[in-house]
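S.K.: If you read the sequences in order, they're chains P and Y. Its first residue numbered 1, the first sequence is counted upward by one per residue in our numbering. Its first residue numbered 1001, the second sequence is counted upward by one per residue in our numbering.
Source of the hints: derived by calculation from the structure; they are not laboratory data. Note that CB positions come from ideal geometry on N, CA and C, so glycine has one too. Keep in mind that a hint or two might mislead.
Covered stretches of chain Y, going by a simulated chain P footprint (3 or more residues, C-beta under 8 Å) [what the hints assert, rightly or not]:
id: 1; segment: 1088 to 1097
id: 2; segment: 1102 to 1116
id: 3; segment: 1269 to 1280
id: 4; segment: 1338 to 1344
id: 5; segment: 1424 to 1430
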Amino acid sequence: MTDRLDGATVEVIRNYLVSVGEQMRRTLVRAAFNPVIYEVLDFGISLYNADLELMAEAAGITSFLGANDHAIVKGVEYVGRENMRAGDVYLMNYPYWSGAHSYDAMLFAPVFRPGHEGPAAYLAVRAHWMDLGAKAPGYVLDSTDMHQEGLIFPSTKIVSQGELVRDIIELIRFNSRLPDLTIGDFHAQLAALRTGENRLAQVWEKFGGATVDQAVRQIIEHGERVARKAVAALPDGTWTAYDYCDDDGVTDDLIRMDVTVTVDGDQMTVEFDGQAVAGPVNLPIGSTESLAKAIYKELTTATEPSNAGHYRGLEIKAAPGSFFHALYPAATFTQWSAIVAFELIHKALAQVLDTLPASSGGDEPGFMALGRDPRTGADFVISNNEGIGWGATRDHDGANAQQHPSQSVVRNTPIEVLEHKSTVFHERLELIPDSGGAGRHRGGVGVLRQVRYLADGEVLSMKKKSKTRPWALHGGHEPEPSEMVLWPDTDRARRVGMYRATMRAGDRFVNRTAGGGGYGDPLRRDPSAVVADVLDGYVSAEAAARIYGVIVDETGAWRPTPARAGNHEG
Amino acid sequence: MRPRIRLAVDIGGTFVDAIAYDETTGELRVHKAPTTPDAPARGVLDAVGGLTDRLDDVEAFVHGTTLGLNAILQRRGAAVGIITNDGFRDLLEIARANVPAQHMYDFAYAPPPPLVPRRHRTGVPGRIDAQGQVLTELDEDAVRAAGRLLVERHGLRSLAVCLLHSYANPDHERRVAAILREAHPEVSVSVSTDITREYREYERTSTVTLDAYIRPVLSDYITTLEARLAEAGLTHPLHIMRSGGGAMTAELARRAPLTTVLSGPAGGVVGASFLARTLELPRLISFDVGGTSVDCCVIENGEPGEVHEAAIDGFPLLIPIFDIRTVGAGGGSIAWIDEGLLKVGPHSAGAVPGPVAYGAGGTEPTVTDAALVLGYLDPGAFLDGGMRIDADAARAAIETELAVPLGVTAERAAASVFQVLLARTVGALREITVERALDPREFALLAFGGAGPLLGPMLAREMGIATTIIPQVPAAFSAFGMLMSDLEYEFATTVLRPLSDASLAALEPYFAELEERGEEVLSAQGVKPEDRALVRRLDIRYHGQEHSLGIDLGPGDTAADVLARFNAQHAARYGHAMPDGGQILTLRVRAVGRLAKPGLPELPPAGPGTPEPISARRAHDVTTGEFATFQVYGRATLAPGHEVRGPAIVEEGTSTTVIFSDQRLTVDAYGQLLVTGTGGTHD
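Whenever a hint applies, use it, and build me the whole structure from the sequences.
M.R.: Okay, structure coming up:
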């Protein structure tokens, strides 16, 4: 047993380990072929010690935090440590272990070091692959069991002692509709693993393996201390909340999701409850754990790179076989339900923590367009993640048209890029007046995108929160939910959530995203803020008078309505 | 003999650095004056006045200014109005909808308000498609009405114009600008395609908005400075440093103010590239350490890494700049204890209150305070003795804030501050080199900026970098780099075509147009034809990829030549090439007007014998982890051929070089200090 290290040595080694993850991330992003990795940041990179505790990580997007933690335990258990050799790499996409849908392929590798019995560390790189032979191209919206969702690898050796296992690569090649991209991305992940092995070995050599192991123990202790201290500062108690996901893609029934959050001293317990459904919106437990960890991170250690200690004070529960702990063979392909569930913990805790925002629209309301460009004859697939209004808080208005918190760092796709790659034409992209939930602080406004098809094609609307409103706080108003309207201003006009439609040349859609929930009584909103909103067109003069009780003219002069005056007197 | 002076002046946050090079004697002199934020031209004249009172001897004057940058950071620019397409007035505010990475887990994040409020943004009918075809004619009456709204009703004096797909066809943008200028001649109009012809509408809108935002401020400043310099006798044109290296005339800077905004760190990179070529160093990292940040740039074969997009405070701008990575830690960074772990930064004591030792009210120990405790800095020698330093206060702060909680001595705590600072810097250097599939040990390190010479040899030791170079006057090296600038301008246009011989032929008129613009700019700046160079480049990528690489295009090159070059560079960078014919994303023409520049003067070799130390003091030797006696040398006494064995300190007024017991230092023919290790590598 190595002696305890001082706080400077531990911090030095922590910086080196975080940098190993960062170097792996850069290698992956630079070498990746598909934009879902390098633009949408759909990946997660983790470093584990010999005991499978997270040492450092480089998350792509917010909700992939700790996404590999469950998977690595299952993978090592399945393979068996004693069967692992230096240079081996394993492939896992079995949803119930990997904590993701079948197209999120996790590669993991044991890392050996002289004098250490068995693997001294493990590295994992998870990234989204373009196709593994599911029942339909692109996203599968209506599968009812795992076997419709593509080729499955439990934890299959794909590199054996440094040599590619050709049979496995060929299996992928013959089962993928996009073999070059898929195998290209596999190589990018492999390059990231090799960078990680190489750099981790350098860290061991520099500081000594036993010293690094001891530093990691202290890093994890430190993480636990900091996070628990933050939880201890929260009030004790138990709070519950529920919300609805639109449907499972097979039936039209609303899906109710429940959460119970308990804070007891420095320990937090989050328990999810919901009925398993037929369609592909069930969540594997690893996915449920990731979304809970992201909210827990926000509440405890928002600016620090994660390690295992940060989550020791968090217990996540969901009954096996339920919506939040899907078991074989439940369908899990379209896990946008996790995005809707993401804000549930907020909704529970907002009853006692007045710093939490109202609902940020509840969803990531993007779209995908497919077709063939008649000028070139080439097929295209374009997609866009759309901003949504964020929830208002005690202290400020919600942000306008910003990516949902579950993927806060993802960017939308420029119009000029979309129109270059496809035959869609934008007629409007604007913020939507009066879309933010009214309140003392106003929810952010949503965005409207009106698109015309110049040639035949398809549109995929991707929404799981279009049937019920995002929630507000303390008397704030609930905004309209997101929606897509197909063929607007025609007798075929149709409002949809998650939906796939055929479009003819000249057809239009309007994608309208929700605003954020309001916070507090709109009659108590600062009248100068109402005036500014009217002059800027975030709020109409009509709504200002009716909801906020402020009559504003075009010069900015204002007077209160009787409702506001009465409110003040009260 | 009458001196022939070349001057460069670099305005920083705290000081203005002026450097003078006398071409007749090869002498290099430096003067510092305080920055004067309220009247920036005064600080420039003060700094210049310390070097020469006869500006009529000055043959070249290059100036780098952060005025535009500060106007953006401090939100002190002009009130701007935006004209765009009808239905798209929120492009600036919708932006890319992403939360900055450092706020990734802040689920109540509120972005700063948009630079232009919604009421000052308006749209006009008229549309052009992705191929540059006009789908709807521009509604000129609507443009006039928009002008009246923004100028007469809202009283705005600076307008920005950005229309969809204008990179493919700028006609509508130009017509909008012409109408506005005719109706409102007193108003400044910025046009997106005058600055960049690259696609991505938000980035272009942000670029032109920033241009409009700083144009009045910068234009006034340049006009004032030109007048003051002319009064002081300057007869040659004033040149302003560009963000991507190179300089331009003051007249051009007034028309394209945005290209100046990131010129501060560019001087150092230009200087480093010059040294890399002169010293024939194939791989060099420039390592610029200031009070609050470390700026690093990779230079391969004398060419610094470049990017074509930058960001200021989260606002993107499509201008060419050097690929500089910044670590938020420097001499002023605060060290603190977080639940038992020692952290350095990200907070900085800044210029005010500054380190504890400055006695200006700082109570939190900084890296500079740690350097005093470790004996690296001489409290009597700050700014050549011109600044009072309270070393006891520095020590007391390290003791109470760090040593006691850590349970170690003040010396140990101070040494640990450097260890943590180094660990953060090591990570940054590894990350910028891993992207090129290189190892930092394959590079030499050029250390400059006030604290570069102190940190450089320590970092090299930590990483196993063989050679650290400390240039002449390291604290003013950015200004030195400006002396080495040519006139440069880059023109680009996004085209998006398959890479083929047919495309290359079809693109010839585009290149011709860009080259014509280049010739125009150079000729307007008075560059003789024999001093002009026009360099063609293509940004190439594989179909479906987002990242592109810049590939040189020589006369007579075929598509196959370009593809071969691209495949080779892709394989070197990312480890693989693809069976894909490639796609042309953007054409670029760089117009260079060569300016006469000083060579690096060789200095007379040292006489016989070894250099004499000027003093000796106890300092912390990182090789042994113990305090040892360091011989202290004055830089002025070191001459080519001299060798000094560590541990040792070299002092030169504004910076201090520290080498350890397993390092030695030699002086090269140009008077630069080369620090090398005596032992093996460590990392």
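S.K.: Determine for every hint whether it applies to the structure shown.
M.R.: For each hint, the structure was consulted:
1. Using a Cβ-Cβ cut-off of 8 Å, 8 residues of the segment 1088 to 1097 of chain Y lie near chain P, which meets the minimum of three, so the contact claim holds.
2. For the segment 1102 to 1116 of chain Y, the stated coverage by chain P is satisfied: 10 residues place a CB nearer than 8 Å to a CB of that chain, which reaches the threshold of 3.
3. For a cut-off of 8 Å, the count of residues in the segment 1269 to 1280 of chain Y with a CB near a CB of chain P stands at 0, and the three-residue condition is violated.
4. Coverage of the segment 1338 to 1344 of chain Y by chain P holds. Counting CB-CB distances below 8 Å, 6 residues qualify, and the rule asks for three or more.
5. Counting residues of the segment 1424 to 1430 of chain Y whose CB lies closer than 8 Å to any CB of chain P gives 4, which reaches the minimum of 3, so the coverage claim holds.
The structure fails to meet hint 3 from the earlier list, while all remaining hints are met.
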